[in-house]
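To convert a position in the sequence shown, counted from 1, into the numbering used here, add 911.
Derived by calculation from the structure, the hints in this document are not laboratory data.
Each computed SDA-like pair below joins lysine to any residue, with the alpha-carbon atoms no more than 25 Å apart:
no., residue 1, residue 2
1, K941, D985
2, K941, D953
3, K941, E990
4, K941, E956
5, K941, P930
6, K941, L997
7, K941, T951
Since we're looking at a predicted model, the values are computed, not measured.
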Amino acid sequence: MPDYRQLRPGDRIRLLAVPQTDLDQRVREKRNGLEDAGWTADTIERILAQDPVVTIDRIDEYGYPWFEYVLLSDGGDREYHSIMVLDDHSWEFVG
912 MPDYRQLRPG DRIRLLAVPQ TDLDQRVREK RNGLEDAGWT ADTIERILAQ
962 DPVVTIDRID EYGYPWFEYV LLSDGGDREY HSIMVLDDHS WEFVG
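With the hints as extra help, turn the sequences into a complete structure.
What follows is the structure, encoded as structure tokens:
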């Protein structure tokens, strides 16, 4: 199993699935009627559909790797996202 703590800027990973914690969060938020419920899980699902290979661009002060991603909306607009990699079961190392 990969270890997110071993990732460094420039490493490429393939997202395989939405982390369970994000799926659980979406269920809680929808149940509570929150606006934009499940936004993180929805975003990761869209990344999986467009191009799941991402490049780690930084490690934060707590040691967590992050990647930047530009999604295209249905209307063709660009959406900029910054997402932390925490779950070790939802991705694989590419190189």
